[in-house]
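If you read the protein sequences in the order shown, they are chains P and W.
So in this note's numbering, the last one in the first sequence is 355, and the numbering has no gaps at all.
So in this note's numbering, the last one in the second sequence is 583, and the numbering has no gaps at all.
Derived pair list, reagent style BS3-like, types lysine-lysine, alpha-carbon separation capped at 25 Å:
no., chain 1, residue 1, chain 2, residue 2
1, P, 341, W, 484
2, W, 458, P, 21
3, P, 293, W, 474
4, W, 427, P, 237
5, P, 293, W, 458
6, P, 16, P, 341
Here are some, though not all, of the chain W residues that point toward chain P, as calculated from beta-carbon distances under 7 Å:
no., residue
7, 411
8, 412
9, 428
10, 430
11, 447
12, 451
13, 454
To be clear, the hints were calculated from the coordinates, so they are not data collected in a lab.
Predicted model, so just to flag it, every value in this text is computed and none were measured.
Even for Gly, the Cβ is constructed at its ideal location relative to N, Cα and C.
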Amino acid sequence: MPRSIPTLFRKLTSAKLFWPLMALAVLLLFNLVFTRGFFHISIKDGHLYGSLIDVLNRAAPLMLISIGLTLVIATSGIDISVGAVVAISGALVAMLIGGTLVLKDGVQTYVTLVPMSVAMIVAVLASGATGLWNGFLVSRVGMQPIVATLILLTAGRGVAQLITSGQIITIYYKPYFFVGNGFLLGIPFSLYMVLALLLITIAVTRRTALGLFIESIGINPRASRMTGINAKNLLLLVYTFSAMCAGIAGLIVCSNVKSADGNNAGLYIEMDAILAVVLGGTSMSGGKFYLVGSVVGALIIQTLTTTIYSIGVPPEITLVVKAVVVFLVMMFQSSKFRSLVFGRSAKKVA
Amino acid sequence: MEAERLPILEMKGISIEFPGVKALQKVDLRLFPGEVHALMGQNGAGKSTLIKALTGVHSLDAGHVELAGRTIAPASPLEAQQLGISTVYQEVNLCPNLTVAENIFIGRQPMRFGRILWKQLNADAKAALAKLNIDIDVTQPLSVYSVAVQQMVAIARALDVSAKVLILDEPTSSLDESEVALLFTVLRQLRHEGLAILFVTHFLDQTYQLSDRITVLRNGELVGEYKAVDLPKLKLIEKMIGREVELNTGRKDVAETGSGADGTGPALLEACGLARKGALQPFDLAIHPGEILGLAGLLGSGRTELARLLFGADRADRGTLKLDGQPIVFGAPRQAIHRGIGFCPEDRKTDGIIGALTVRENIILALQANRGMFRRLSGKKQMEIADRYIRMLAIKTSSTEQAAGKLSGGNQQKVILARWLATDPRFLILDEPTRGIDVGAKSEIMDLVLSLAKAGMAILFISSELEEVVRCCNRVAVLRDRVKIAELQGASVDEQTILQTIAKG
Numbered sequence: 006m007p008r009s010i011p012t013l014f015r016k017l018t019s020a021k022l023f024w025p026l027m028a029l030a031v032l033l034l035f036n037l038v039f040t041r042g043f044f045h046i047s048i049k050d051g052h053l054y055g056s057l058i059d060v061l062n063r064a065a066p067l068m069l070i071s072i073g074l075t076l077v078i079a080t081s082g083i084d085i086s087v088g089a090v091v092a093i094s095g096a097l098v099a100m101l102i103g104g105t106l107v108l109k110d111g112v113q114t115y116v117t118l119v120p121m122s123v124a125m126i127v128a129v130l131a132s133g134a135t136g137l138w139n140g141f142l143v144s145r146v147g148m149q150p151i152v153a154t155l156i157l158l159t160a161g162r163g164v165a166q167l168i169t170s171g172q173i174i175t176i177y178y179k180p181y182f183f184v185g186n187g188f189l190l191g192i193p194f195s196l197y198m199v200l201a202l203l204l205i206t207i208a209v210t211r212r213t214a215l216g217l218f219i220e221s222i223g224i225n226p227r228a229s230r231m232t233g234i235n236a237k238n239l240l241l242l243v244y245t246f247s248a249m250c251a252g253i254a255g256l257i258v259c260s261n262v263k264s265a266d267g268n269n270a271g272l273y274i275e276m277d278a279i280l281a282v283v284l285g286g287t288s289m290s291g292g293k294f295y296l297v298g299s300v301v302g303a304l305i306i307q308t309l310t311t312t313i314y315s316i317g318v319p320p321e322i323t324l325v326v327k328a329v330v331v332f333l334v335m336m337f338q339s340s341k342f343r344s345l346v347f348g349r350s351a352k353k354v355a
Numbered sequence: 079m080e081a082e083r084l085p086i087l088e089m090k091g092i093s094i095e096f097p098g099v100k101a102l103q104k105v106d107l108r109l110f111p112g113e114v115h116a117l118m119g120q121n122g123a124g125k126s127t128l129i130k131a132l133t134g135v136h137s138l139d140a141g142h143v144e145l146a147g148r149t150i151a152p153a154s155p156l157e158a159q160q161l162g163i164s165t166v167y168q169e170v171n172l173c174p175n176l177t178v179a180e181n182i183f184i185g186r187q188p189m190r191f192g193r194i195l196w197k198q199l200n201a202d203a204k205a206a207l208a209k210l211n212i213d214i215d216v217t218q219p220l221s222v223y224s225v226a227v228q229q230m231v232a233i234a235r236a237l238d239v240s241a242k243v244l245i246l247d248e249p250t251s252s253l254d255e256s257e258v259a260l261l262f263t264v265l266r267q268l269r270h271e272g273l274a275i276l277f278v279t280h281f282l283d284q285t286y287q288l289s290d291r292i293t294v295l296r297n298g299e300l301v302g303e304y305k306a307v308d309l310p311k312l313k314l315i316e317k318m319i320g321r322e323v324e325l326n327t328g329r330k331d332v333a334e335t336g337s338g339a340d341g342t343g344p345a346l347l348e349a350c351g352l353a354r355k356g357a358l359q360p361f362d363l364a365i366h367p368g369e370i371l372g373l374a375g376l377l378g379s380g381r382t383e384l385a386r387l388l389f390g391a392d393r394a395d396r397g398t399l400k401l402d403g404q405p406i407v408f409g410a411p412r413q414a415i416h417r418g419i420g421f422c423p424e425d426r427k428t429d430g431i432i433g434a435l436t437v438r439e440n441i442i443l444a445l446q447a448n449r450g451m452f453r454r455l456s457g458k459k460q461m462e463i464a465d466r467y468i469r470m471l472a473i474k475t476s477s478t479e480q481a482a483g484k485l486s487g488g489n490q491q492k493v494i495l496a497r498w499l500a501t502d503p504r505f506l507i508l509d510e511p512t513r514g515i516d517v518g519a520k521s522e523i524m525d526l527v528l529s530l531a532k533a534g535m536a537i538l539f540i541s542s543e544l545e546e547v548v549r550c551c552n553r554v555a556v557l558r559d560r561v562k563i564a565e566l567q568g569a570s571v572d573e574q575t576i577l578q579t580i581a582k583g
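Isolated chain P (complex conformation):
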C-alpha cells in the first residue's frame, strides 16, 4: 500500500477546509512554542479563562459577520456595509436600553427604557431593514454590489450618530453585559450565539435548496435565470441576512465595551470579514461556499491579532506582520502556488 498514502494526502490537501485549518494549526503551534501560557486554561468562578478562550470570545463578532457575508460573496456579490450596520445596531440597542445611570437611595438600580429583549430584537430587525435596502439596490435597481453597499457604509455611521445624537452612549444596565461578557456553563455566551447561527445557517442552506440556488447564481446568473431560479428575491434575502448577522454582532460589540460609539464600533470589520471568508475557501468570484471555513478564517485572523500582541511585536509593524501572514496563507491555498513551490519535490517523491 505505498501508493495510498500520497493519494490520501492529495485527497486531504484538496479538501477545502484543509488549508484554513492548517493555517490555524501553524499559528497555534507557533504560540505553543513562543507564547508562554497561551494554552493555559484555568477555571475562575466556574468560568474558563485563558488566551484561547479570549481569542474565541473576541472573534465572535467577526465570526457572525463572516457567516452572513459568506452567502453574499457566494452570489458573487459583496457587502462592505457590515461595519456600519454594527454601529447602527449598537446605537439602537443602547438608545432603547437607555444611557442613564439610575440611582435609588445612592444604589444603582437596573432599569431600561424598553425591555432588553425587545431592544435587541428591534436592533437586529432594523439591521435587517438596512440589508433589505442593500438587496433592493443590487437586485432591483441593478447597482453593482460594492457601490450599493458603499452607500450604506458611508451613510450608516451617520445614521448611528443620529440615533445617539452624536454622543457615545454608555450603558449602565448590567444584565446587558452578559451578551458580550457573560459565561454559560463556563463558556463565553457569545460563542453559543455563533454556534447557533452557524448551525442554523448550515441547516437552512443545505437542508433546503437555498445553498444550491445561491451557488448557481454566483456561478452563472444568466443560466440560473433560464433555469427558473428567482435570483432577485434570493439576492434580497442574502443581503438582508448579512445585515442581520452584522446586527447581532453589533449587540456583542456594544455589550463588550458597554457603550455605543457610532464612529468606532465595527470600524473596518468588513475588511476582516471579507478576509475571513476568502481564507475560509469561498472565492470572491462567487459559487461554492464554505460556512465552517469562514468561521475558521475569522479564528485565524483573531488568533493572529492576539499572537502579535502577546509576543510583543512593536505596534508600528503589527500591520505589516499581519499582512505578511495573511499573504502566505492565501498563497498556500492556491493549488498553482503549491505546485510551483512543491511541484518538483513532490514529483521526485512520486
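Put chain W on the given structure of chain P with help from the hints.
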C-alpha cells in the same frame, strides 16, 4: 473595362490554423475601390477569422496580403488602420460615457504644449460626421444617441484616418429598419467616393440591396467570388450550406409521431402578433400537443428571439400569448417553467450550463427551482434522477459528482436536455440541440425528440440543419430577417421548399 480595374486590396492563399482546427485554407479575397463586397458564410465558415487576418489580429500561416500593389503584414489592428484598413466591429467598440467628439478622436487628439485643443477637436468631429450627413451635438456623451448613430460615430472614427478599405462586421445586427436605411445611405455615399467596403452580414436581403460582389466561404474554404447580379439568392444559399438542394428528401419519421401531430385541435400555446422591438416583427404561431414544430431560417433571422419570447426570457412589447386558450404573460422564465415549458438554449455556455456545479446538481436544478427551495429533493432522489438521465442519454461523465463544466460540449448539451426532461414539461423548446455534437449523439437526440412527441409532448425544434428539421417536423415556420414569412405543412416540408421560401420571401 471591368478587367482593367485593379483591386485595391488582395488577399491570396490565406491559411490560418488554430490548434486542431484549420480555420482558413487557401482563401482569396479581392476588394475593389468603389465597391461593396459582401462576405457570406454560415457560422464557423471563417468570416471573422478572415477579417482578423486582414486587420492583424491573427498572423498568417500561409498566403499574403497586398494593399495597392504592395505586400503588407500588419501586426495589429492599429497598424492596419494606419495602413488604411479600418474596421467597425459587430459590437460598437466605443466608450458610451465619453462625448461623441472624444470617441472619434480618442488616442489621437489634437494637442498643443501637452494640452488638448478642445475647440479644434469638436470642430473636427463635427466635420467628420458631416461627411456622413450626420448633424448632431458632438459634445454630448455618446450614450444619449441611438445605436444607429453610435454606429455612424464608429464609422466616422474608422474613416477619419485616410481609410482606403472599410470593414463592417455585422453592422446591422442591432439596428431597426429605418436605422439600416440610414446606414446604407451613408455606405452608398462612401462607395461613391471610391472607398472599398467589405460587408459581413447574415441578412440576405441586405446583401442584395447593397453589394456589388459576393465572396462565399464554407468551412474555412473559399467557395467562390461572384458578382451579385449573377448569383440568385437561392444559389447563394446553396453555396453557403454547400449542398445542391435535392428534391424529395425523405421524411419518413414524421408519420410515427403522436396523435395531435396534424396541427389541428386545440393549441397548447398560441402567439398572436407577438413582437419585440429590435428582435422580432409581430408573428402568429400555434403549437399543439404531440407536435414537433420546426423553426427554420438563417442565423440571425430571429429564431432564438422567438423562442425567448415564448419562454419569457425576453418580454414581448406587443401581442398576446395564450396557454390552453387562456391569455398569459410570462414575465420571467420561472413562470413559463411553472406552466410546464422547458427551453434548451442555443448558447449552452452562457445560458445553460452552471460550470462549477456537478452534473447531478445541473440536472436537478430546473426541477428543484420549480419545486421551490423548501421542498428540497433528497440526496437519494437527486442521485436517482441524475443516474436515470445519465443512462438514458448516455452522458459520458466520470460520475454524478463531476463538475459539469469539465464535460465535452455534446455531453453538456445532454446534461441540459436532462435538466428539462427531469421537469417533465408539456412543451419543450430546443434551440440548436445538436450543435457541436458528434453524428452518433445527433441521431440519438433526434430519436429522443421523436419519441417525446409521440408521448404527447409539444416540441419547438430550432436547427440550422435543415435535414434535421425536415426529418422530424410536422410543420415548419420559416423566418427571415426577423419576420415570420411562411408556415409550411405536410408535403411541402422539404429542404428545397424551405430554402426557396427563405430565398424568395
